[in-house]
Amino acid sequence: MSTRPELLGSEALAQAARGNVSRSLWRQAGRRFTRNRAAMGSVVILAVIALTSILVPVFWPHGIEDASWESILVPPGLADWHWFGTDANGRDLLVRTFYGGRISLTIGLLTTVVALLIGVTYGAVAGFVGGRTDGFMMRFVDVLYSLPLIFFIIILVTVFGRNIFLVFVAIGAVEWLTMSRIVRGQTLTVKSKEYVESAVAIGLSRGAILRRYIIPNVLGPVIVYVTLLIPTNIIVESYLSFLGLGVQEPLTSWGLLISQGAGQLDSAPWLIFFPATFLAVTMFCFNFIGDGLRDALDPRDR
Amino acid sequence: MRSIPVTGNGASTMTPVIECQQLNVRFRTDSGQVTAVSDLDFTLNEGECLGVVGESGSGKSQTFLAMFGLLAPNGATTGSIRYRGTELLNAPRATLDGLRGNRLAMIFQDALSGLTPTMRVGDQMAEVLMRHQGLSRRDARTRIIEALEVVRIADPERRFSAYPFEMSGGMRQRVMIAMATLCRPEVLIADEPTTALDVTVQAQVLRLLDGLKRHTGTSLVLITHDLGVVAGLCDRVLIMYGGRAVELGPVREIFRRPAHPYTQALLRSMPSLVIDPAQDLPVIPGQPPDLENLPAGCAFVSRCHCSVDACRSTRPPFTAVGTDHGRACHRLPGDIHAIGGAVPA
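Keeping their order, the protein sequence lines are chains V and L. 17 is the number that numbering that gives the first Met the number 0 gives to position 18 of the first sequence; each next residue is one higher, with no gaps. 153 is the number that numbering that gives the first Met the number 0 gives to position 154 of the second sequence; each next residue is one higher, with no gaps.
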């Protein structure tokens, strides 16, 4: 081939110019994200954990409540499908670990969605309206912030009894506070941008400006925070369960399994090893994804 | 080589579209009250182009931001700005939203950040038509592609679905102009539309604005520092200093016989091709006035080459010096020229 490099370059340019599809900021960020090996690896591992958590309890020969007198505290091995061993009641740890994964991941995701919806709306409105409304709304957040989470949950549990639904409410009700602060701060920055002014000048309503001009422009940091909030919420659920305030038997979660395993650390260390490994790997994955997203959405920071 | 303006004043039928009376704009700040605009009176007639000239901080932008209800939250206004009899100052939001972007449009100074990075250019432009004319997205598309053609954007079909950061500064400025003219506004405010652009693009943008004025009969307000632009495009000029109108009149009158020392000094400090490049440009000595402590008399007194005692103690009233030509100065126009010397042609 005798094609000179300049010609190759111009050919590439022409090809780029012919492509009709414009790349949005999001798509460009997506490309940067897929090039990040740690983040992509984490996505794969998380997907595997999520899928196995959903599927394994469906076809595994043991159920989560199947206690058996013949197989109490069996150590991990291939015998009788007790690959992760069994607990003091003879229940299979593998199925309980994956089932716990279902609960933990669900709680992590749902509470984050709750926090996201409330926090983004609340923070964007406070920041956009500004003035006295903003002051009042954010002081309310400050007041809620000052209540300790545990105190709040003990009150909920005493009043409404132990219920998995309460765990969602309690975590969601606390975690949106930080989200609303982040969003409000971002909104204040975006609000003074010229494109918002020009949106006002073309006569758009406040609602339209908030939805189409403000919120899309504050989502970057929010998405990063979401990937960090999911593991936080899983951990919060774990320690609530550890304290006996969260998920109740016979349901289980990684936190609950770890708390039960911690009691038998000397005699049956596998009881804490497997759920703790899954929890730790999940945490790592979310954090790598968060890092990857931050780099992808704000490439100047690198 | 500055072309002498050949502005056909015949187009304007002298019906005012915008009437501004006794406008005051003040800002509350931690260190006290800042007066950005005081007692401003002017009218904008149908089909005319009014140039608004002044230094930074002379209140020219704030006047028109006030008109659009876009002042910063600590700003307050008194007086009146009316569009065909409708009061715009402190008007209910519904009234303003019906007019902004529709009958009144504004081109902002900074085109580079005037478009939101998360929306395609065409979708952003479509907002205007969907909001004010109830068009569907598809109908809006045809109109927008036409508008992009008018501002000479190559391949408008493709640019319609481009994002702002895929365009150059000049293209974005032209998109903003196209967007401002989509509803065929009666009044178009262009706030320094060419400051961020290089000279060749500036010329294109100005030619575009001139064409718009001629073909659609839009009244144009051109806020600028550049007297050359004013000479080429405007019918009348409003010169502002320290938040007040110091001179208002037809372009030709003001360039030939400036009746205020500030106008005169501005004209003299304009670079031109006949000035010896080895010489320093003439400048106006001193600092712009402190808007927190405006003097009791004329705001320009400390920099004026022909001030008298009265200038310090009493504020000069705005008086007529010719047909449609007025200025705020204690000195007689003849005396100003005598002291200031001839203005270079």
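Because the hints were derived from the structure by calculation, they are not lab data. Each hint should be verified, as a subset may be incorrect.
Unchecked claim - Here are some chain V residues pointing at chain L (derived, C-beta under 10 Å):
id: 1; residue: 130
id: 2; residue: 134
id: 3; residue: 137
id: 4; residue: 194
id: 5; residue: 196
id: 6; residue: 197
id: 7; residue: 200
id: 8; residue: 207
In this text, a Cβ means the ideal position worked out from N, Cα and C, and glycines have one as well.
Hint numbers the structure violates, sorted upward? 2, 3
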